[in-house]
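Assemble chain B onto chain A, guided by the hints.
There are 2 protein chains.
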Amino acid sequence: MTKTVAFLGPEGTYTDEASYLYAPDADRIPFASLALVTSALETGQVDEAVVPIENSLGGTVIEIVDFLITSKKAQINGEILLPIDHCLITRPGVQLGDIRVVMSKQEALTQCRKFLARELRFAELIPTTSTALAVVELKEADDRTAAIGPRRSAELAGLPILAHGIQDRQDNVTRFAVLASNGSKPTGNDKTSIAFDFDRPDAPGLVYGALRPFADRGINLTKIESRPTGKGMGNYIFLLDFEGHVDEQHVGEAIAELKKFTSTFKVLGTYPIAQGLSVR
Amino acid sequence: MTKTVAFLGPEGTYTDEASYLYAPDADRIPFASLALVTSALETGQVDEAVVPIENSLGGTVIEIVDFLITSKKAQINGEILLPIDHCLITRPGVQLGDIRVVMSKQEALTQCRKFLARELRFAELIPTTSTALAVVELKEADDRTAAIGPRRSAELAGLPILAHGIQDRQDNVTRFAVLASNGSKPTGNDKTSIAFDFDRPDAPGLVYGALRPFADRGINLTKIESRPTGKGMGNYIFLLDFEGHVDEQHVGEAIAELKKFTSTFKVLGTYPIAQGLSVR
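Here the protein sequences come in this chain order: A and B.
The first sequence begins at 22 in the working numbering and counts up one residue at a time.
The second sequence begins at 22 in the working numbering and counts up one residue at a time.
To be clear, the hints were calculated from the coordinates, so they are not data collected in a lab.
Remember, it's a predicted structure, so these values are computed and weren't measured experimentally.
Don't take each hint at face value.
Identical copies carry no separate label here, and so any pair may be met within one copy or between two of them.
Unchecked claim - Using 20 Å as the maximum straight-line C-alpha spacing, the simulated EDC-like pairs for lysine to aspartate or glutamate come out as follows:
#1 Lys244 - Asp218
#2 Lys280 - Asp268
#3 Lys287 - Asp268
#4 Lys135 - Glu84
#5 Lys206 - Asp119
#6 Lys244 - Asp87
#7 Lys135 - Asp87
#8 Lys244 - Asp220
#9 Lys206 - Asp192
#10 Lys281 - Asp220
#11 Lys160 - Glu32
#12 Lys280 - Asp220
#13 Lys206 - Asp218
#14 Lys135 - Asp106
#15 Lys160 - Asp119
#16 Lys94 - Glu128
#17 Lys287 - Asp106
#18 Lys94 - Glu63
#19 Lys93 - Asp68
Chain A with its partners taken away, still in its complex shape (with noise of 0.2 Å):
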């Protein structure tokens, strides 16, 4: 039986291309938004979804970190890595010179703004839900019209890519997460997410102690980040990524030791470290 694997539509986002490069055969279904991406998977009417995590400019998604330490189900049992690559889109035989209007995602459009500013600097900017909508848009609009959106975007919609990489900073990646109801296993080359908080949020040496069990058994860290969780800015949920399986012996350890400190404890997913991805 194919795969079923939801993805925050509409077609064409950074979100389909990577799970399009991630599972290319499965049966791709998207979703309008991420509560109904992760409830599909929490019904069981998809197998797996694909869904942004962390961005190197914007940081963690936060909406996927609330709903992975709630759910019952769900955790992350993979990760990819994409390069962002913003390209500008046009309808066909339209020129840089005749474009007077350029939509796309805000996002999207501040990330572009070097670009923007040097080669359509009278160009108006108008904002929109999505980069896919951008360029479906496109389809309706005049020839004084371009989007920035990915390149996939442009190919589902067989229109051609003016200019690309056009972002201001070429090192913007972001990590997905493959969402599922069964874990991963070991397979040597793993990594593990963690979410904890702490009784006493105040007490200094509090989260130095919590990497202690880490340090100790040489666990390295790959990503440590303490979040408010908005109740006045003054309590805070602890993320933290290390590599390591959890039903590696060591990593069990350093778990059983942390918990000892803390107050709500979540392993979010334990799954094999990405290999980047490139998009040809």
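Using the frame of chain A, we list chain B on its own:
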């Protein structure tokens, strides 16, 4: 002489609201982008700047951190906490049942998803460049259109607020930083923000070791974040906030000890801990 304070405009944004509450009598000047705000500060065109630095949902605003790391002059010399209170704003006399279109920044539309699904299920959602702009555009719109924005944008436009606090999560707080070229003197209730990285990013125990100088001196950490710099998601910069002023002896000692481990090191600012502001 009246103090001049730059903020991320246009007028009526949450940053305007924060800068108004912070310095109601100052000469406050809106700038169209974060780059322009920060360059006005670097060139001495303004005395201070108010910028968003951390949101309980969106996380750290990395552009500001990047700016502070590379800036030769600017540093954080104060912080402002502002609860985000999204308001549904209309033209005079409009009722909920009249509304068919809701405009706002995409982020605000997303944050009000539950209210919109419950009360305005059939309304078309139109993204705009800023929340404030959505409210300005209401003036030209018809009675079927509403905007989501801060209270201040409604007041500036002289338009009624039909509902407020319509965001899904009531605990959405934004932290704004006051940037200036001079530091802040010790008040006895201060906080310091630093950024650093390591020579050898992958060595286990490095982060743990870096926190030891603070734990040893009973210095309370209020934020820790490792942030991928985007170079393949492998290189990290660490952001740390802790209680205390750099001029206090135990803080100076902790920093000197930390610097033995770090490659890049920068004090982003040392400033009085914020008292939360409430929006009436």
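In rising order, the numbers of the hints this structure does not comply with: 5, 9, 13, 16, 17
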